[in-house]
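J.: Chains as they are written, first to last, in the numbering used here: chain A, 1 to 189; chain B, 1 to 115.
None of these hints come from the bench; they were simulated from the model.
Glycine included, each C-beta is placed from N, C-alpha and C at the ideal position.
Please note that the accuracy of each hint is not assured.
Pairs of lysine to aspartate or glutamate, EDC-like flavour, derived with a Cα cap of 16 Å [as the list claims (entries may be wrong)]: (1) LYS80/B x GLU140/A; (2) LYS82/A x ASP31/A; (3) LYS82/B x GLU111/B; (4) LYS46/B x ASP13/B; (5) LYS37/A x ASP42/B; (6) LYS105/B x ASP132/A; (7) LYS163/A x ASP11/A; (8) LYS171/A x GLU4/A; (9) LYS37/A x ASP6/B; (10) LYS20/B x ASP42/B; (11) LYS86/B x GLU111/B; (12) LYS98/B x GLU187/A; (13) LYS123/A x GLU4/A; (14) LYS82/B x ASP42/B; (15) LYS86/B x ASP7/B; (16) LYS158/A x ASP132/A; (17) LYS105/B x ASP130/A; (18) LYS20/B x ASP7/B; (19) LYS20/B x GLU58/B; (20) LYS105/B x GLU140/A; (21) LYS98/B x ASP132/A; (22) LYS104/B x ASP132/A; (23) LYS104/B x GLU140/A.
Here are some chain B residues the structure puts well away from chain A; computed CB gaps all over 10 Å [unchecked claim]: (24) LYS80; (25) SER99; (26) SER115.
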Amino acid sequence: MMSERVYGQYDLIPDELVPEAYLEVTVQPIDLTTHWKRTSLLADMMAGYVASAFRGGHRFRESPVYNAVSTVMQELVENAAKFSRQRDAQARLRLRHFDRVLQIQVQNDVTPATAAVFETHVKGLLAAKDLDGVYVKTMEGRRLGDQQSGIGLLLMIKDYPVKLAVRLAPKSPECTVVTVRAHYFLEEA
Amino acid sequence: MQFINDDSSVTFDANAATVKFAGTLRLPNAKAYEGLSALLLDAATKVTAPVLCLDVRELLFLNSSGITTLSLFVINTRNKGKPRLKVLGAQGVAWQHKSLSNFKKLWADLELVLS
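Make a model of the complete structure from these sequences and hints.
T.: Structure follows, in structure tokens:
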């Protein structure tokens with residue numbers, strides 16, 4: 001069994017630091033794949049939890065932070081839904097809000113094979129010097145039939161003020177716990 | 001010509017040479033977006049004006065699978081050489097002002113208007 005691997009600034013915010021706001025939700029990925037609309041409901045709910053602190057009433061849904069955080073959250077929730085290991089597995093979504101930084105964390109269990117593919121993808125993204133070039137190359141590759149290269153994480157770190165970090169922790173020979181942390185630096189609310 | 005689901009609608013208006021998007025598009029994968037791809041390719045084939053407009057101003061959310069779908073349409077149209085593409089976006093919608101400019105990286109001649 002391989003040892004734990006960490007990529008990016010995983011401990012950018014110490015775990016013991018008390019946030020201004022905290023939200024944690026545990027779901028079964030199978031619930032999301034069965035009823036895909038739930039991915040959007042979760043993303044919107046968690047974004048609203050943050051955005052309502054900046055703009056009250058019903059207008060928080062019109063704020064840039066709501067749209068942006070929901071978009072980032074959606075990509076992470078979709079990944080957990082698509083790549084979790086077992087039908088009865090759980091995915092843990094966590095949001096910690098510190099002034100102008102949000103720590104969005106999604107944790108789920110995957111097979112070692114899935115973990116290996118994801119690890120290669122993340123290492124490539126974090127090492128890339130030209131993310132626009134990666135986007136263009138990925139899209140041109142998709143045109144030629146490459147179905148493997150998703151752009152969710154790429155767009156997140158390329159287009160949004162997000163620092164991505166990932167931890168892969170083997171739990172057993174059949175299971176690796178993947179924790180993705182997106183540190184979102186709030187610009188405009 | 002329309003692509004409609006519970007949360008969104010995409011309509012091609014041939015007279016206005018415009019494909020208008022509205023709502024939220026967060027379908028799970030490329031296969032789920034095949035209907036939208038077909039609509040876009042059909043619009044590009046049937047439009048008689050030199051420019052086809054993609055009006056996404058009322059599209060509040062689009063996930064990465066949707067951005068991939070639009071990106072591939074941009075590449076396909078670029079390779080055919082016509083029609084030219086114009087994308088209308090809203091500056092106030094975060095995903096639009098952050099991600100729509102990606103299409104210009106695929107086709108520099110694409111016109112992007114954020115209002």
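J.: Hint by hint, say whether it matches the structure.
T.: Quick rundown of the hints versus the structure:
1. LYS80/B x GLU140/A: 15 Å, holds
2. LYS82/A x ASP31/A: Given pair LYS82/A, ASP31/A holds - Cα atoms ~11 Å apart, limit 16 Å.
3. LYS82/B x GLU111/B: 13 Å, holds
4. LYS46/B x ASP13/B: 11 Å, holds
5. LYS37/A x ASP42/B: 28 Å, violated
6. LYS105/B x ASP132/A: 8 Å, holds
7. LYS163/A x ASP11/A: 11 Å, holds
8. LYS171/A x GLU4/A: 9 Å, holds
9. LYS37/A x ASP6/B: Within the cut-off at roughly 10 Å; holds.
10. LYS20/B x ASP42/B: Distance of about 14 Å is within 16 Å: holds.
11. LYS86/B x GLU111/B: At roughly 5 Å apart (the allowed maximum being 16 Å), GLU111/B and LYS86/B satisfy the hint.
12. LYS98/B x GLU187/A: The given pair, whose Cα atoms are some 12 Å apart, holds under the 16 Å limit.
13. LYS123/A x GLU4/A: 15 Å, holds
14. LYS82/B x ASP42/B: 13 Å, holds
15. LYS86/B x ASP7/B: Not OK: LYS86/B and ASP7/B at ~24 Å, beyond 16 Å, violated.
16. LYS158/A x ASP132/A: 7 Å, holds
17. LYS105/B x ASP130/A: Holds: LYS105/B and ASP130/A sit about 12 Å apart, inside 16 Å.
18. LYS20/B x ASP7/B: Cα-Cα ~14 Å, so holds.
19. LYS20/B x GLU58/B: Holds, at roughly 8 Å.
20. LYS105/B x GLU140/A: At roughly 11 Å apart (the allowed maximum being 16 Å), GLU140/A and LYS105/B satisfy the hint.
21. LYS98/B x ASP132/A: 13 Å, holds
22. LYS104/B x ASP132/A: 11 Å, holds
23. LYS104/B x GLU140/A: 14 Å, holds
24. LYS80: 13 Å, holds
25. SER99: The claim breaks: SER99/B does not keep its Cβ more than 10 Å from every Cβ of chain A (closest is about 5 Å).
26. SER115: Holds, since 16 Å exceeds 10 Å.
Going down the numbered hints, you'll see the structure goes against 5, 15 and 25, while the others check out.
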